[in-house]
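Student: Residue numbers (UniProt numbering), protein chains in the order written: chain A, 1 to 781; chain B, 1 to 781.
Keep in mind that the hints are not guaranteed to be accurate.
Pairs involving identical chains hold if they fit within one copy or between any two copies, as the list cannot separate such chains.
Straight-line Cα separation of at most 25 Å, DSS-like style, residue types lysine-lysine; simulated pairs [what the hints assert, rightly or not]:
1. K629 with K414
2. K629 with K661
3. K573 with K87
4. K573 with K366
5. K749 with K79
6. K597 with K97
7. K136 with K663
8. K97 with K573
Since the hints were made in silico from the structure, they are not lab data.
There are 2 protein chains.
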Amino acid sequence: MESHEDVNHNDEEHDVENVGEFDGKEEKLWSSMSDRNISITQPLLRKRTNTTSQIAVIGANVCPIESLDYEIIENELFKQDWRSRKKIQIFQYIFLKWGLALLIGLGTGLVGFFSNIAVENIAGFKLLLLNDLMLKENYFKAFLAFAGCNIVLAAAAGTLCAFVAPAAAGSGIPEVKAYLNGVDAPSILAPGTLFVKIFGSILGVSAGFVVGKEGPMVHTGACIANLLGQGGSRKYGLTWACLRYFKNDRDRRDLITCGAAAGVAAAFRAPVGGVLFALEEAASWWRSALLWRTFFTTAVVAIVLRSFIQYCWTGKCGLFGEGGLIMYDVSAAEISTYGIFDILAVIFLGVIGGVLGSFYNYCIDKVLRTYSIINERGPSFRVLLVVIISILTTCCAFFLPWAAKCTPCPADLKVPCPTVGESGNYKSFQCPPGYYNDLASLFLNTNDDAIRNLFSARIVQEFQLSSLLIFFATVYVLGIITYGIAVPAGLFIPVILAGSVYGRLVGRLFVSVSALDTGLFALLGAASFLGGTMRMTVSLCVILLELTNDLLLLPLVMISLLISKTVADCFNKGVYDQIVRLKGLPFMEAHPEPYMKHLVAGDAVSGPLVTFSGVEKVETVLHALQSTKHNGFPVIDEPPFTDSPELCGLVLRSHLLVLLKAKYFSNEQMLSGRDILKKFSPFDFAKPGTGKGLKLEDISITEEEMDMYIDLHPITNASPYTVVETMSLAKAQVLFRQLGLRHMCVVPKSKGRPPVVGILTRHDFMEEHILGLYPHIKSHK
Amino acid sequence: MESHEDVNHNDEEHDVENVGEFDGKEEKLWSSMSDRNISITQPLLRKRTNTTSQIAVIGANVCPIESLDYEIIENELFKQDWRSRKKIQIFQYIFLKWGLALLIGLGTGLVGFFSNIAVENIAGFKLLLLNDLMLKENYFKAFLAFAGCNIVLAAAAGTLCAFVAPAAAGSGIPEVKAYLNGVDAPSILAPGTLFVKIFGSILGVSAGFVVGKEGPMVHTGACIANLLGQGGSRKYGLTWACLRYFKNDRDRRDLITCGAAAGVAAAFRAPVGGVLFALEEAASWWRSALLWRTFFTTAVVAIVLRSFIQYCWTGKCGLFGEGGLIMYDVSAAEISTYGIFDILAVIFLGVIGGVLGSFYNYCIDKVLRTYSIINERGPSFRVLLVVIISILTTCCAFFLPWAAKCTPCPADLKVPCPTVGESGNYKSFQCPPGYYNDLASLFLNTNDDAIRNLFSARIVQEFQLSSLLIFFATVYVLGIITYGIAVPAGLFIPVILAGSVYGRLVGRLFVSVSALDTGLFALLGAASFLGGTMRMTVSLCVILLELTNDLLLLPLVMISLLISKTVADCFNKGVYDQIVRLKGLPFMEAHPEPYMKHLVAGDAVSGPLVTFSGVEKVETVLHALQSTKHNGFPVIDEPPFTDSPELCGLVLRSHLLVLLKAKYFSNEQMLSGRDILKKFSPFDFAKPGTGKGLKLEDISITEEEMDMYIDLHPITNASPYTVVETMSLAKAQVLFRQLGLRHMCVVPKSKGRPPVVGILTRHDFMEEHILGLYPHIKSHK
């Protein structure tokens with residue numbers, strides 16, 4: 001029972017007040033149905049239909065939400081398929097799984113490398129141009145050139161995103177997370193989204209927005225995995241028959257988990273971190289075989305990136321410098337020992353990170369709600385918003401450095417000061433030779449380079465206090481207001497950037513009592529802020545370690561992460577969870593809410609229930625498919641086939657459509673026997689990608705056929721998971737979530753009633769639905 | 001239905017042949033029961049009782065196996081407890097969870113440090129003595145002293161282990177793995193086992209056995225967690241009332257997962273590796289909250305170890321040198337780039353590692369089976385075996401180095417050559433000044449130091465080919481024959497040792513075409529052999545990275561691990577899985593076996609089924625508790641309480657005992673009402689540690705009370721997970737395993753039958769049981 005936009009949609013408010021009562025209009029509908037001699041069973045529970053959480057915001061539009069089928073449908077056809085499978089096919093299947101993991105790794109690695117090269121070259125060109133004009137003291141022209149580049153790039157990114165694929169806006173991690181939880185929203189992993197995600201992200205980062213390309217990389221990895229997993233895209237004429245072996249959501253889920261891990265691995269060059277990210281943040285279900293395959297994928301990514309970087313070291317990649325593929329070297333900050341003051345400093349950092357992080361999440365939530373009003377007004381408004389934010393960012397970046405004093409270059413440097421070229425620690429900006437503008441070194445660099453500058457060790461006084469404060473405030477605010485505009489925007493980089501600035505600030509406070517380097521403080525600050533916003537622990541820790549390549553930092557990073565997460569958890573949820581919620585994606589939490597212990601499974605069931613007989617009239621089936629949007633229908637064996645009505649199993653809409661299309665009907669109500677199985681190949685019933693299956697419109701049934709019968713047994717899943725209506729809803733939720741179900745049949749406790757009470761789906765466990773039915777629970781919460 | 005040592009135990013063989021038939025003797029027993037007017041329901045399925053897999057080898061003894069209760073028992077008492085819980089109690093609970101994680105981290109860290117100090121000092125003393133005597137050319141005396149030390153230490157370890165706690169023998173990881181899967185075997189986590197594990201491991205490693213202290217550390221961590229989790233040990237007079245808050249197996253499982261992670265963290269100083277080990281190898285159930293707490297625990301361990309090492313660097317820890325707390329420095333082997341030949345070399349290593357690893361597992365299996373015959377003969381024989389192996393090891397270590405030629409010391413070394421002191425790369429042994437014996441440097445060192453020597457970079461020719469070959473063969477064979485003797489023996493170190501030797505050998509083969517250092521080859525060899533035996537991937541990879549502190553090695557380590565695991569998986573299972581199986585521990589695999597798809601849940605149910613009425617006669621309950629060893633009994637509501645018999649829920653043996661002890665009986669068959677709930681505190685029904693609950697003998701019921709009635713409703717879990725008898729066994733297994741159940745009720749499909757067909761437990765899913773019932777399936781497998 002996926003969506004119920006039918007029947008009594010208008011009576012919603014009326015029904016809310018009359019929970020437990022039967023609506024007159026509905027009754028009429030039912031009676032009119034029975035007039036037409038159609039045996040759709042009347043709803044057992046006289047409650048309103050579940051209209052909550054059936055839709056969610058994808059990109060800027062509101063779309064209907066379906067669930068994914070992770071359960072193995074054990075019908076006769078499946079069993080026959082499984083029995084007839086030869087060794088070679090099993091081998092082919094295993095080989096393909098690993099082959100696809102390899103391809104995902106290669107693809108994501110290549111995209112990661114390509115987007116780095118592109119960003120470094122585009123942003124590098126822009127920054128070189130600015131540098132040249134500033135050196136010539138052509139300040140106004142410099143501003144115009146800089147602003148012009150930024151706005152053009154931003155507008156291009158915004159246009160792509162707003163007009164081509166709105167689902168590509170934002171980080172993409174919440175969407176991937178929801179998908180891996182079993183939420184099937186249209187176009188979140190479509191080829192169009194992939195295209196816009198890659199190019200929009202390149203343009204957006206090059207435009208100087210305070211956004212990262214890390215979140216988009218995760219989404220990109222997942223999109224690549226989806227594209228390969230469903231054997232290409234029919235819409236774009238890219239189809240590979242050999243990849244069509246995966247025709248179920250379970251295998252695709254595994255691939256997309258690999259893709260998400262590959263994305264992180266490509267973004268941070270952190271293969272282990274990628275695996276842990278997929279495990280801790282992205283995936284809802286995990287098994288150890290998946291650990292291994294994910295690990296393989298990220299290893300491939302690491303090798304691809306490494307090879308290309310070796311190639312680029314020879315200078316053949318244009319302006320691609322150290323900047324691409326971030327890898328921060330804080331090993332210069334040698335830590336042999338640390339004492340009680342150092343630990344105190346880290347704890348202090350953790351607390352600040354927690355507070356700032358949870359406030360960041362709070363602000364992002366508010367800003368997203370505000371932006372959604374603008375976004376609703378159409379694509380042009382979305383592009384306008386992008387341009388406005390771009391102008392704001394450009395102005396900050398260009399004008400704020402004027403507020404900083406020129407600092408004399410430190411003696412005995414190994415690098416030239418002021419910096420020559422597009423990136424470096426010591427930007428000259430408006431300063432005379434021998435001096436550098438520290439704020440310009442932060443603002444007028446790519447974000448990756450700014451972070452590298454902040455992490456740079458040894459020279460404590462490299463940045464003035466005032467510069468750090470200005471930069472922190474700007475980045476914090478820009479990070480908040482940039483997320484949510486129609487541009488692929490990762491959250492990692494803004495958070496690392498802001499975190500490392502206040503880390504360096506705190507380092508300055510503790511400089512007299514702590515032996516730790518200020519560059520190290522910047523790293524710990526980044527860790528604490530990441531912990532405060534994203535609330536991951538092990539994966540962030542490993543990603544930071546892989547970024548800095550120094551395992552001796554581990555205990556300090558751990559402390560700061562743990563403390564900031566603990567502090568922030570007192571205030572609100574992690575930023576990705578918050579966005580998932582905000583978008584209305586029906587995410588199944590791992591643990592049942594406490595109020596669920598007060599309810600039983602029967603309490604959450606919503607009508608109308610539509611059931612079929614084991615051998616059903618074609619007209620009934622067709623009518624049910626037309627009049628409801630349910631995805632699963634219980635099949636009930638009735639006399640003469642059994643002594644009394646009993647639950648035979650569950651049949652899926654998609655399977656029904658295939659069976660109807662094949663038109664194996666009979667004139668009498670009789671079992672079709674096993675011969676029918678031979679007429680189908682298992683691939684006929686395989687689940688195609690999102691929105692690609694047979695549609696009701698594809699089927700034409702003649703008037704004569706309407707009165708014939710169809711045997712549903714061969715396609716009925718005879719082992720659906722069931723719960724008794726009196727089972728506590730909390731335990732039913734655990735069962736539903738742990739096994740990754742889409743439908744759960746609720747059966748009556750006492751005898752003498754129809755054998756199924758209703759079906760629970762993902763939507764029936766959502767807070768909105770349950771608290772809508774039982775508003776009095778709210779207060780107990 | 002946990003164990004059925006009752007009824008028809010003697011008819012086992014007879015029954016196997018008459019599957020599906022009813023045994024005459026049993027029938028008589030049932031009829032005699034009904035004569036006595038006891039309403040134990042007759043078994044619905046007339047099959048033999050499940051007598052397989054109810055026992056397992058723990059230490060050297062065969063013990064009965066129970067399961068752990070991970071399911072939340074939602075009876076009225078639980079609900080009342082949950083409702084009445086105040087905020088302060090919830091806070092106390094959370095605080096205690098984190099407090100215990102802290103304590104486990106501290107405890108495991110301390111034990112890890114202590115055992116390192118002890119080993120370094122004992123082994124150091126022994127090696128110094130040997131060195132001195134060898135320098136004086138007092139060869140015979142040297143051998144006697146060396147052998148004497150070794151045999152005394154070995155005998156002490158063996159005696160401790162054989163007489164005090166046989167369960168402490170071996171690695172301990174299989175036992176921890178089984179416990180976390182839900183297997184409750186007596187004494188595997190008892191305080192006695194903890195004591196012997198710590199001291200036995202110290203003595204065993206000091207005695208020069210080819211064993212590690214890493215596996216035992218994992219077991220130690222788990223034991224510490226268990227001790228804290230059940231609030232101390234009554235037997236040893238160590239009880240802490242404040243820790244008694246955790247009275248269910250679910251919370252204890254979480255703690256023991258933390259303990260296992262802490263063990264790895266302490267053994268390898270690898271906090272992230274510890275978390276991943278717990279996730280990949282140890283735990284069967286995982287949730288993200290646990291990830292966080294585990295991470296906290298290992299962070300504490302890392303900090304404790306770091307502080308103590310800083311203390312020891314001041315020279316206050318006796319002979320504690322670099323040797324303790326292994327941390328290998330291969331960063332000297334700088335790898336900037338690697339080419340196709342290097343990758344080929346690594347692939348070659350991986351293949352060798354896979355083949356050698358699976359052969360290692362095969363041999364260990366055979367040796368363990370042989371040893372079990374010796375071990376059965378009694379503790380003295382076990383000690384004798386330990387002494388024999390010790391003599392063999394000593395002879396190898398002392399006499400084989402004579403076969404090596406003396407090598408001249410390399411020029412411009414930073415360390416003295418020959419080595420002065422107890423550890424070092426260049427042991428003089430019998431060689432003249434200016435020369436060293438390379439084989440002695442490997443044999444006459446602690447295993448940790450030998451590994452460090454093998455990993456040492458730069459000097460390719462440090463070890464002669466012949467020496468490496470001799471050492472490899474010796475270590476490989478000794479590693480196999482040492483595991484299984486009555487000494488706590490980790491598998492990590494023998495495997496790393498053997499792996500690094502052949503890694504170095506392969507490095508020598510590729511020296512002309514590969515730019516990689518031979519020390520690096522040793523590391524990769526260790527990785528490949530670990531992959532081939534233990535079949536972990538991510539956790540091993542991270543442990544090795546944390547050991548060597550060089551993340552640039554990652555891709556190479558990954559390749560060698562993945563290839564060796566793939567190759568080895570073609571031959572057999574991982575070594576820990578193999579040992580779990582060998583010991584007969586009823587481990588629930590994550591995935592159902594293919595043959596389970598052919599069967600339905602009803603097929604695996606075994607009798608006799610004992611059910612109770614909602615309000616039952618005391619005599620019936622008592623008799624059922626006496627005559628069976630079942631742990632769970634379905635409760636069936638019958639008229640007059642309901643219209644027809646229906647399944648009310650499931651009641652646990654331990655709860656029944658508490659209720660009987662309290663003697664709230666009534667003379668008539670009536671409901672006791674909710675007042676009874678007030679007379680119990682939730683802690684009365686809390687589950688105590690293994691083997692500590694109320695026993696049947698503690699309860700005395702008078703003849704008069706026997707005829708009274710007892711209301712079982714308040715303690716009945718009204719939401720047991722149920723499956724329909726026609727559900728495929730594979731899906732039932734998934735449900736059982738994913739939710740961590742102990743009992744699963746099987747209900748009939750058709751009406752008009754008793755409301756429960758039987759109960760499935762862990763044992764009913766075991767291969768032995770199912771293939772015993774359906775021998776014809778075997779051939780299809």
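Student: A separate judgement is required for each hint: does it hold in the structure or not?
Tutor: Comparing the hints with the structure gives:
1. K629 with K414: Intra 69 Å, inter 78 Å, cutoff 25 Å: neither.
2. K629 with K661: within (18 Å within a copy, 56 Å between copies)
3. K573 with K87: Result: close only across copies, 20 Å inter versus 48 Å intra.
4. K573 with K366: within (14 Å within a copy, 53 Å between copies)
5. K749 with K79: Answer is between: at 21 Å across copies they meet the 25 Å cutoff, but 30 Å inside does not.
6. K597 with K97: Between copies only: 23 Å across chains, 41 Å inside a chain, cut-off 25 Å.
7. K136 with K663: neither (79 Å within a copy, 97 Å between copies)
8. K97 with K573: Cα proximity of K97 and K573: across copies only (21 Å, versus 35 Å in one copy).
Checked against the numbered hints above, the structure breaks hints 1, 7 and satisfies the rest.
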